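Asker: Line order of the protein sequences matches chains A and B.
The numbering of the first sequence is numbering that gives the first Met the number 0, which starts it at 0 and goes up by one.
The numbering of the second sequence is numbering that gives the first Met the number 0, which starts it at 0 and goes up by one.
For the record, the hints were derived by calculation from the structure and aren't laboratory data.
Being a predicted model, the structure only gives us computed values, none of them experimental.
Careful, some of the hints might be misleading.
[As the list claims (entries may be wrong)] Partial list, computed: chain B residues near chain A (C-beta under 7 Å): (1) VAL9; (2) GLY15; (3) ILE19; (4) ALA22; (5) ASN47; (6) PRO51; (7) GLY85; (8) LEU89; (9) ALA97.
[Unchecked claim] Stretch-level coverage of chain A by chain B, calculated; a stretch enters the list once three of its residues show a Cβ under 8 Å from a Cβ in chain B: (10) 1-12; (11) 89-95; (12) 163-176.
Think of the CB as a built atom: it goes at the ideal place given N, C-alpha and C, for glycine as much as any other residue.
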Amino acid sequence: MEISTHDLWTVMHGMGFGALFMLAFSGAFAELYRMSVPGAAPMRASEQKALNFYLGAMVVLAWITVFTGAYIIYPWYRAVPPAGAVDLAEYPRQLLLSSARTSGWHNIGMEWKEHVSWLAPIAITMVAYVTMKYGQAIIYHRNMRIAVLGFTLAAFVATGISGTFGALLNKYAPVRGGGTIILIQGE
Amino acid sequence: MSVPEEEVEVMSNGPGAAAILAAGIGCASVGILAVAGDASKPIGKFLNFYDPTGTLSGVTIMSIVIWLAVWFVLGSFWAGKTVALGRVNLAAFVLLFAGFLLTFPPFMDLLEGQ
Numbered sequence: 000m001e002i003s004t005h006d007l008w009t010v011m012h013g014m015g016f017g018a019l020f021m022l023a024f025s026g027a028f029a030e031l032y033r034m035s036v037p038g039a040a041p042m043r044a045s046e047q048k049a050l051n052f053y054l055g056a057m058v059v060l061a062w063i064t065v066f067t068g069a070y071i072i073y074p075w076y077r078a079v080p081p082a083g084a085v086d087l088a089e090y091p092r093q094l095l096l097s098s099a100r101t102s103g104w105h106n107i108g109m110e111w112k113e114h115v116s117w118l119a120p121i122a123i124t125m126v127a128y129v130t131m132k133y134g135q136a137i138i139y140h141r142n143m144r145i146a147v148l149g150f151t152l153a154a155f156v157a158t159g160i161s162g163t164f165g166a167l168l169n170k171y172a173p174v175r176g177g178g179t180i181i182l183i184q185g186e
Numbered sequence: 000m001s002v003p004e005e006e007v008e009v010m011s012n013g014p015g016a017a018a019i020l021a022a023g024i025g026c027a028s029v030g031i032l033a034v035a036g037d038a039s040k041p042i043g044k045f046l047n048f049y050d051p052t053g054t055l056s057g058v059t060i061m062s063i064v065i066w067l068a069v070w071f072v073l074g075s076f077w078a079g080k081t082v083a084l085g086r087v088n089l090a091a092f093v094l095l096f097a098g099f100l101l102t103f104p105p106f107m108d109l110l111e112g113q
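Generate coordinates for the entire structure from the input sequences, incorporating the hints supplied.
Answerer: And the structure:
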């Protein structure tokens with residue numbers, strides 16, 4: 000059982016950091032909504048601390064996800080094949096563009112994913128900062144709570160778009176190549 | 000034990016407003032730079048900070064720099080102040096929406112007349 004280094008990075012980017020970030024939204028929405036409803040009781044200090052840590056972890060995951068995507072995996076995706084290359088399996092971008100049936104996955108899917116994904120870490124960093132800075136005092140700032148919930152939703156949508164296209168692109172043109180890591184030696 | 004509401008310190012909304020508006024500007028920057036880099040070859044070339052990643056490197060790095068710089072400047076101006084957060088929110092959400100729209104390839108193509 001083996002895996003290539005490029006595959007491993009892709010898995011870590013999408014199913015590791017990205018998926019963890021995506022999953023974390025359910026908890027963030029629940030807590031941020033709970034402190035936003037009219038008449039909500041102020042949080043305990045320990046609850047506030049836990050929420051701060053939770054949002055801080057989301058910020059770290061979001062930035063790791065976009066940086067690994069853009070600066071480690073994307074260069075492999077957009078690698079240019081040598082002139083006359085027939086087998087494009089290790090050149091996902093060129094593979095997708097080589098057929099009218101798949102070019103849209105690059106022209107719409109990848110082109111949108113590579114940019115819109117960066118909205119998520121910017122938005123969630125703001126959400127975490129405001130929540131940490133104001134803590135329980137946010138109960139006095141209705142518009143701030145609206146912004147926090149709105150930007151959390153926007154980060155979720157941006158992550159959803161990126162994650163969905165990432166998974167589909169990886170089905171049609173997976174990023175392959177690199178060294179081989181043997182996980183378990185076969186019999 | 001929860002803290003009674005009357006004991007919660009009331010803080011000015013300036014620092015929060017600065018973070019909210021800066022985030023909106025940062026998101027819009029991603030879209031604006033993506034369109035600019037795609038529409039203009041010289042801009043695309045300028046934004047190519049790191050060859051393996053291409054124009055995307057400049058779009059992302061510049062957006063982060065703009066976002067943090069705006070946040071720092073607004074944060075300095077609005078520290079300890081109370082601002083019209085409703086208007087700040089409106090601007091931030093419009094900019095956020097612009098970020099989504101300007102990164103959507105069919106809309107980018109429309110703007111570029113393709």
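Asker: If a hint holds in the structure, say so; if it doesn't, say that too.
Answerer: Results of checking the hints against the structure:
no.	hint	result
1	VAL9	holds (5 Å)
2	GLY15	holds (5 Å)
3	ILE19	holds (5 Å)
4	ALA22	holds (4 Å)
5	ASN47	violated (12 Å)
6	PRO51	holds (3 Å)
7	GLY85	holds (5 Å)
8	LEU89	violated (10 Å)
9	ALA97	violated (11 Å)
10	1-12	violated (count 0)
11	89-95	violated (count 0)
12	163-176	violated (count 0)
In summary, the numbered hints that this structure violates are 5, 8, 9, 10, 11, 12.
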